[in-house]
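A.B. asks: Each chain, written out:
Protein chains: 2
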Amino acid sequence: MSTYLRETLFRSDRLEVLCCSWSMGSVSKPHDHGLSTCAVVVQEGLFENTLLGATPETTLFEAGSVIVTPARIAHSLQCVSEKGKTIHFYSPPLRAEPEQGVRNFRPLPIAEIRDASVRIQQSGMDFSELEDAFRVIESRSVTTASPYFMNQLFSGYHPEAVLAEQFLSTHKTTLATYEASPALTAIEQEVTSQLGTLVGWKRSEGISVPGGSSANFMALHLARHFRNASTKDDGNGAGEYAIFVSDQAHYSLKKAAVVLGFGVKSIVPVQTDAAGRMITSDLEKQFAAAKERGAKPLAVCATSGTTVLGAFDPIAEIAKVCAENKAWLHVDAAWGGPILFSPAHRNLMAGIELADSFTFDGHKFFGASLTSSFLVNRHSGLLRAANDVSGTEYLFHDDDGIDLGRMSWQCGKKSDALSFWAIWKRRGTDGLRQLVETHYRTRDEVLEYVRTQPRLRLAHQPEFLNLCVYVDPPPGAAPDPQYSRKIREALIRDNIAMVNYSVDREGGSFLRLIFAHPDLQSKHCIGILEAALSTTFS
Amino acid sequence: MSTYLRETLFRSDRLEVLCCSWSMGSVSKPHDHGLSTCAVVVQEGLFENTLLGATPETTLFEAGSVIVTPARIAHSLQCVSEKGKTIHFYSPPLRAEPEQGVRNFRPLPIAEIRDASVRIQQSGMDFSELEDAFRVIESRSVTTASPYFMNQLFSGYHPEAVLAEQFLSTHKTTLATYEASPALTAIEQEVTSQLGTLVGWKRSEGISVPGGSSANFMALHLARHFRNASTKDDGNGAGEYAIFVSDQAHYSLKKAAVVLGFGVKSIVPVQTDAAGRMITSDLEKQFAAAKERGAKPLAVCATSGTTVLGAFDPIAEIAKVCAENKAWLHVDAAWGGPILFSPAHRNLMAGIELADSFTFDGHKFFGASLTSSFLVNRHSGLLRAANDVSGTEYLFHDDDGIDLGRMSWQCGKKSDALSFWAIWKRRGTDGLRQLVETHYRTRDEVLEYVRTQPRLRLAHQPEFLNLCVYVDPPPGAAPDPQYSRKIREALIRDNIAMVNYSVDREGGSFLRLIFAHPDLQSKHCIGILEAALSTTFS
Chain V
4 MSTYLRETLF RSDRLEVLCC SWSMGSVSKP HDHGLSTCAV VVQEGLFENT
54 LLGATPETTL FEAGSVIVTP ARIAHSLQCV SEKGKTIHFY SPPLRAEPEQ
104 GVRNFRPLPI AEIRDASVRI QQSGMDFSEL EDAFRVIESR SVTTASPYFM
154 NQLFSGYHPE AVLAEQFLST HKTTLATYEA SPALTAIEQE VTSQLGTLVG
204 WKRSEGISVP GGSSANFMAL HLARHFRNAS TKDDGNGAGE YAIFVSDQAH
254 YSLKKAAVVL GFGVKSIVPV QTDAAGRMIT SDLEKQFAAA KERGAKPLAV
304 CATSGTTVLG AFDPIAEIAK VCAENKAWLH VDAAWGGPIL FSPAHRNLMA
354 GIELADSFTF DGHKFFGASL TSSFLVNRHS GLLRAANDVS GTEYLFHDDD
404 GIDLGRMSWQ CGKKSDALSF WAIWKRRGTD GLRQLVETHY RTRDEVLEYV
454 RTQPRLRLAH QPEFLNLCVY VDPPPGAAPD PQYSRKIREA LIRDNIAMVN
504 YSVDREGGSF LRLIFAHPDL QSKHCIGILE AALSTTFS
Chain G
4 MSTYLRETLF RSDRLEVLCC SWSMGSVSKP HDHGLSTCAV VVQEGLFENT
54 LLGATPETTL FEAGSVIVTP ARIAHSLQCV SEKGKTIHFY SPPLRAEPEQ
104 GVRNFRPLPI AEIRDASVRI QQSGMDFSEL EDAFRVIESR SVTTASPYFM
154 NQLFSGYHPE AVLAEQFLST HKTTLATYEA SPALTAIEQE VTSQLGTLVG
204 WKRSEGISVP GGSSANFMAL HLARHFRNAS TKDDGNGAGE YAIFVSDQAH
254 YSLKKAAVVL GFGVKSIVPV QTDAAGRMIT SDLEKQFAAA KERGAKPLAV
304 CATSGTTVLG AFDPIAEIAK VCAENKAWLH VDAAWGGPIL FSPAHRNLMA
354 GIELADSFTF DGHKFFGASL TSSFLVNRHS GLLRAANDVS GTEYLFHDDD
404 GIDLGRMSWQ CGKKSDALSF WAIWKRRGTD GLRQLVETHY RTRDEVLEYV
454 RTQPRLRLAH QPEFLNLCVY VDPPPGAAPD PQYSRKIREA LIRDNIAMVN
504 YSVDREGGSF LRLIFAHPDL QSKHCIGILE AALSTTFS
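Quick mapping for you: the protein sequence lines, in order, are chains V and G.
If you count the first sequence from 1, position 32 lands on 35 in the numbering used here, and the numbers rise without skipping.
If you count the second sequence from 1, position 268 lands on 271 in the numbering used here, and the numbers rise without skipping.
Isolated chain V, as found in the complex (with noise of 0.2 Å):
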């Protein structure tokens, strides 16, 4: 097969420009564009393009056509004729693939990073020397697209999110009120009825918050108001306030308690088993405790999907405690609620129904934008009520219940939903139940793995996407409970991967794998424990 030859000739952060030389017979590989539209214009000679699909076709063009051929779709082009030049357009630019692209995982000193580039002075620039910066700060910035980056509990994007943010940035608008947000107001209450009819509840309300801390956040107060209403006028007045949450929970717990004004203290810690799901006869107890003490129990917030280790607490069991002392039940459920969509997994949220709130993250593991969360809850109207005020009337003119504004914490108010409602609107109900079951069979691959690797011990027995593992020290070398920290470091220094660690409750640390890039393969992930079980300090 004869190849043909590239020259880029243009390339910004929204347009590349490549020419390509061609002889006859020469062909590109079938490939696609990732999220790129690409147009092909034909300067010489002719040309067959195949897209390919179920049933491919052929078409031929000559000098002069115009091949665009949209995101996503597979292609391949031959020459035809003796020799061929042919002008590629790629918008945005192609982006490398994960496995080839640019892996940059060692941060700078924040002192070498405030340079020129960052610092804004008295006069301005063109518009081509911003994207210059914006070239730097690129290379400043550490690489979340790849699959190796398992820091944090998202990793990646998924082009229907660059989609709708793009929508976004030229669509600015306030979701504070459905007049200036008509559509978008329809999509925001789409994803959250679709999220209540997902847990099983008739009737639900739900509404996007900054984040998946912000959730909670709003999960306690409504708790508040639900059992007292007259909090909102009068403020949360004397006595101590007692909300259980497991001793594995977020810690935007500890911080919603502070800021509510309720305390860090009215955050009452409840045991968990050796997998990290809190024990219901210890909470029980905390329960019974509390109200010995005379502090006023106003919620439990149940974790479905840990932070460190992936576990899901007991939600029936809890639930029924919650019902016997008349307190609120909210799911954490910002990494975990992707099983919801999963029929072979989400036993590991029954009794979710019972719940009366829980938290929902969109950016997380389906790889929406920073941020797409939720709270939805089953008591209609309460969001409202609790947090409605007098002073409105110059922005929320009608009475008909549709402006978002008024059930949220925000005024100027982004979208954060679309995001999420394009990944699922694309995928359907289907692909995110087919998303959950993929990375659990790629999880289920690298702990096949581990299992052949003696120097590789789980730190405990996987429910979910965390893969919690210790690297030990070669064989010989002594023991260094810190030994999996220094690899994580040495893993970032040599720019291989960015993966955290946790520490148990002796202080050792372990890695722990996150299985949430949309491209993941098991591969990846191997390449890391090959790389870590590889790395010798001197």
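The hints are simulated quantities; they were obtained by calculation from the structure and are not laboratory data.
No experiment lies behind these values; they were computed from the predicted model shown.
The beta carbon of each residue, even a glycine, is placed where N, CA and C say it ideally should be.
Treat the hints with care, since some could be wrong.
[Said to hold, decoys possible] What follows is a set of in silico ranges between Cβ atoms, one per label pair, in the way DEER data are often shown:
{"id": "1", "chain 1": "V", "residue 1": "S383", "chain 2": "G", "residue 2": "P272", "range": "25 to 33 Å"}
{"id": "2", "chain 1": "G", "residue 1": "D129", "chain 2": "V", "residue 2": "D135", "range": "33 to 41 Å"}
{"id": "3", "chain 1": "V", "residue 1": "A388", "chain 2": "G", "residue 2": "A388", "range": "29 to 37 Å"}
{"id": "4", "chain 1": "V", "residue 1": "D135", "chain 2": "G", "residue 2": "T11", "range": "30 to 38 Å"}
{"id": "5", "chain 1": "G", "residue 1": "T200", "chain 2": "V", "residue 2": "A480", "range": "50 to 58 Å"}
{"id": "6", "chain 1": "V", "residue 1": "R496", "chain 2": "G", "residue 2": "T200", "range": "34 to 42 Å"}
{"id": "7", "chain 1": "V", "residue 1": "R122", "chain 2": "G", "residue 2": "E132", "range": "43 to 51 Å"}
{"id": "8", "chain 1": "V", "residue 1": "Q456", "chain 2": "G", "residue 2": "T200", "range": "51 to 59 Å"}
{"id": "9", "chain 1": "G", "residue 1": "L111", "chain 2": "V", "residue 2": "E243", "range": "46 to 54 Å"}
{"id": "10", "chain 1": "G", "residue 1": "L8", "chain 2": "V", "residue 2": "D135", "range": "31 to 39 Å"}
{"id": "11", "chain 1": "G", "residue 1": "E356", "chain 2": "V", "residue 2": "S383", "range": "41 to 49 Å"}
{"id": "12", "chain 1": "V", "residue 1": "P484", "chain 2": "G", "residue 2": "A119", "range": "52 to 60 Å"}
[What the hints assert, rightly or not] Distance condition first, Cα-Cα at most 30 Å in a straight line; then the derived DSS-like pairs of lysine-lysine:
{"id": "13", "chain 1": "V", "residue 1": "K268", "chain 2": "G", "residue 2": "K299"}
{"id": "14", "chain 1": "V", "residue 1": "K329", "chain 2": "V", "residue 2": "K299"}
{"id": "15", "chain 1": "V", "residue 1": "K86", "chain 2": "V", "residue 2": "K32"}
{"id": "16", "chain 1": "V", "residue 1": "K526", "chain 2": "V", "residue 2": "K32"}
{"id": "17", "chain 1": "V", "residue 1": "K268", "chain 2": "G", "residue 2": "K268"}
{"id": "18", "chain 1": "G", "residue 1": "K526", "chain 2": "G", "residue 2": "K489"}
{"id": "19", "chain 1": "V", "residue 1": "K268", "chain 2": "V", "residue 2": "K294"}
{"id": "20", "chain 1": "V", "residue 1": "K288", "chain 2": "V", "residue 2": "K268"}
{"id": "21", "chain 1": "G", "residue 1": "K294", "chain 2": "V", "residue 2": "K268"}
{"id": "22", "chain 1": "G", "residue 1": "K32", "chain 2": "G", "residue 2": "K88"}
{"id": "23", "chain 1": "V", "residue 1": "K299", "chain 2": "G", "residue 2": "K299"}
{"id": "24", "chain 1": "V", "residue 1": "K329", "chain 2": "G", "residue 2": "K268"}
{"id": "25", "chain 1": "G", "residue 1": "K323", "chain 2": "G", "residue 2": "K294"}
{"id": "26", "chain 1": "V", "residue 1": "K323", "chain 2": "V", "residue 2": "K268"}
{"id": "27", "chain 1": "G", "residue 1": "K329", "chain 2": "G", "residue 2": "K268"}
{"id": "28", "chain 1": "G", "residue 1": "K329", "chain 2": "G", "residue 2": "K288"}
{"id": "29", "chain 1": "G", "residue 1": "K268", "chain 2": "V", "residue 2": "K299"}
{"id": "30", "chain 1": "G", "residue 1": "K32", "chain 2": "G", "residue 2": "K526"}
{"id": "31", "chain 1": "G", "residue 1": "K268", "chain 2": "G", "residue 2": "K294"}
{"id": "32", "chain 1": "V", "residue 1": "K205", "chain 2": "V", "residue 2": "K329"}
{"id": "33", "chain 1": "G", "residue 1": "K268", "chain 2": "G", "residue 2": "K288"}
{"id": "34", "chain 1": "V", "residue 1": "K299", "chain 2": "V", "residue 2": "K268"}
{"id": "35", "chain 1": "V", "residue 1": "K88", "chain 2": "G", "residue 2": "K86"}
{"id": "36", "chain 1": "V", "residue 1": "K288", "chain 2": "V", "residue 2": "K329"}
{"id": "37", "chain 1": "V", "residue 1": "K268", "chain 2": "G", "residue 2": "K329"}
{"id": "38", "chain 1": "G", "residue 1": "K88", "chain 2": "V", "residue 2": "K86"}
{"id": "39", "chain 1": "V", "residue 1": "K489", "chain 2": "V", "residue 2": "K526"}
{"id": "40", "chain 1": "V", "residue 1": "K294", "chain 2": "G", "residue 2": "K268"}
Since the structure of chain V is already known, use the hints to place chain G on it.
C.D. replies: Okay, now just chain G, sitting in the frame of chain V:
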């Protein structure tokens, strides 16, 4: 001058392809492509391309050449052969010039919008079908990019912000930790530290928050911690708090009081004068009354640029009252803050350096993306002291003070600073001053027009970029205090403009023109007012 023929070959949200046929001497008018990058392939003939600027430059291009013109660069193309053919690529597609653009201000009922284009189904779709759905969403969205959109305290957008959002959509990372966002952390610090310098503080700290409302929430939370740090552990405790705000202040302060557990009653309204400014003598009275009834005076929130009238509370006078009463002084400058850039107008905020904190929105007047809000305060270390909790070791590994998440209520946190930074970086501090002063001049031109029209009455003598105007019914018609509101509805119904209204103390309505769109000219505003005057109701 002979003309040329244009034919659209392809158009998507990301790429537009045109084909142009030329004859000898035909020439394109000098034009730029807004925020599009333009690439032209010469297919046939000979062309002269002139790049306009301080020293225009002309270059000859023959068949096979590619001419790339970056965003916002003006040029002119002329055919110098008998005939010619060019293919033009625009990425993103050309947007219509504001005055020629679509104006869609009339929302459909939500029941009509919730159709197949919005509904999420079990099965997925092609990417191109999703793009089709986005086109439907676009057709049902309000044209906020038009200068005839004046409904909110923002309008339109800057291309720099579009660039920033494109960057973030493919470089998705969280601002919580430095290790995951080194460059973006430096950028956030640059913006908040420049804002601190702008008000005259030698030392300060700041954080991006999801909207101006959230900035006000954070300010009151800091005030609580500053007054009594034990509230962090113990909660608000018994007793009534008092927070003093003018009767024209933003409703978010009430919401903040609810959320923070103080209750709406803690918000003490202070009287304003006819121009909407807080009356300091009444503030003193309210302080005395609060103390008398045993309340705990916590803070005063002054407003720089009220929502309806654009009034500026007298900060220096208020600061004196705060100092005497040891109360925190917060300034909500979400809308009015831009005058800090203008030596000619910043006296309206005289005394700002005496405040403890202020709110600044980059997404309002300055056209950054929604949301780009900041809370800046002059007590370095307070944000972290008030917000950091334990149990975050899994995320924050170092104690070097750069992890913005420890100063925040958010965990996963988008770079809200980037779009405002891009605008400020590109235009420089001088450019932002010019933007403020240009809009003041536009306002004055419109003011002059209003004074010539007997049926237009000023609701106030404007201090800032709000212009509140009563439209009176035609001569001979019955007086109607709601006439302006009806005019507003007619302007929306006829897709002429979306201008908000508000009401005076007697309940009479007036239109509120907002000078914020980057390309706003007096002709747009006068056009709206002319349409208002020529409206008839049958």
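A.B. asks: Now tell me if each hint is right for this structure.
C.D. replies: Do the hints match the structure? See the list:
{"no.": "1", "hint": "S383(V) / P272(G): 25 to 33 Å", "verdict": "32 Å, holds"}
{"no.": "2", "hint": "D129(G) / D135(V): 33 to 41 Å", "verdict": "36 Å, holds"}
{"no.": "3", "hint": "A388(V) / A388(G): 29 to 37 Å", "verdict": "34 Å, holds"}
{"no.": "4", "hint": "D135(V) / T11(G): 30 to 38 Å", "verdict": "32 Å, holds"}
{"no.": "5", "hint": "T200(G) / A480(V): 50 to 58 Å", "verdict": "52 Å, holds"}
{"no.": "6", "hint": "R496(V) / T200(G): 34 to 42 Å", "verdict": "36 Å, holds"}
{"no.": "7", "hint": "R122(V) / E132(G): 43 to 51 Å", "verdict": "45 Å, holds"}
{"no.": "8", "hint": "Q456(V) / T200(G): 51 to 59 Å", "verdict": "54 Å, holds"}
{"no.": "9", "hint": "L111(G) / E243(V): 46 to 54 Å", "verdict": "50 Å, holds"}
{"no.": "10", "hint": "L8(G) / D135(V): 31 to 39 Å", "verdict": "37 Å, holds"}
{"no.": "11", "hint": "E356(G) / S383(V): 41 to 49 Å", "verdict": "48 Å, holds"}
{"no.": "12", "hint": "P484(V) / A119(G): 52 to 60 Å", "verdict": "57 Å, holds"}
{"no.": "13", "hint": "K268(V) / K299(G)", "verdict": "22 Å, holds"}
{"no.": "14", "hint": "K329(V) / K299(V)", "verdict": "11 Å, holds"}
{"no.": "15", "hint": "K86(V) / K32(V)", "verdict": "18 Å, holds"}
{"no.": "16", "hint": "K526(V) / K32(V)", "verdict": "23 Å, holds"}
{"no.": "17", "hint": "K268(V) / K268(G)", "verdict": "25 Å, holds"}
{"no.": "18", "hint": "K526(G) / K489(G)", "verdict": "22 Å, holds"}
{"no.": "19", "hint": "K268(V) / K294(V)", "verdict": "15 Å, holds"}
{"no.": "20", "hint": "K288(V) / K268(V)", "verdict": "17 Å, holds"}
{"no.": "21", "hint": "K294(G) / K268(V)", "verdict": "29 Å, holds"}
{"no.": "22", "hint": "K32(G) / K88(G)", "verdict": "17 Å, holds"}
{"no.": "23", "hint": "K299(V) / K299(G)", "verdict": "24 Å, holds"}
{"no.": "24", "hint": "K329(V) / K268(G)", "verdict": "28 Å, holds"}
{"no.": "25", "hint": "K323(G) / K294(G)", "verdict": "17 Å, holds"}
{"no.": "26", "hint": "K323(V) / K268(V)", "verdict": "25 Å, holds"}
{"no.": "27", "hint": "K329(G) / K268(G)", "verdict": "21 Å, holds"}
{"no.": "28", "hint": "K329(G) / K288(G)", "verdict": "16 Å, holds"}
{"no.": "29", "hint": "K268(G) / K299(V)", "verdict": "22 Å, holds"}
{"no.": "30", "hint": "K32(G) / K526(G)", "verdict": "23 Å, holds"}
{"no.": "31", "hint": "K268(G) / K294(G)", "verdict": "15 Å, holds"}
{"no.": "32", "hint": "K205(V) / K329(V)", "verdict": "22 Å, holds"}
{"no.": "33", "hint": "K268(G) / K288(G)", "verdict": "17 Å, holds"}
{"no.": "34", "hint": "K299(V) / K268(V)", "verdict": "12 Å, holds"}
{"no.": "35", "hint": "K88(V) / K86(G)", "verdict": "22 Å, holds"}
{"no.": "36", "hint": "K288(V) / K329(V)", "verdict": "16 Å, holds"}
{"no.": "37", "hint": "K268(V) / K329(G)", "verdict": "28 Å, holds"}
{"no.": "38", "hint": "K88(G) / K86(V)", "verdict": "22 Å, holds"}
{"no.": "39", "hint": "K489(V) / K526(V)", "verdict": "22 Å, holds"}
{"no.": "40", "hint": "K294(V) / K268(G)", "verdict": "29 Å, holds"}
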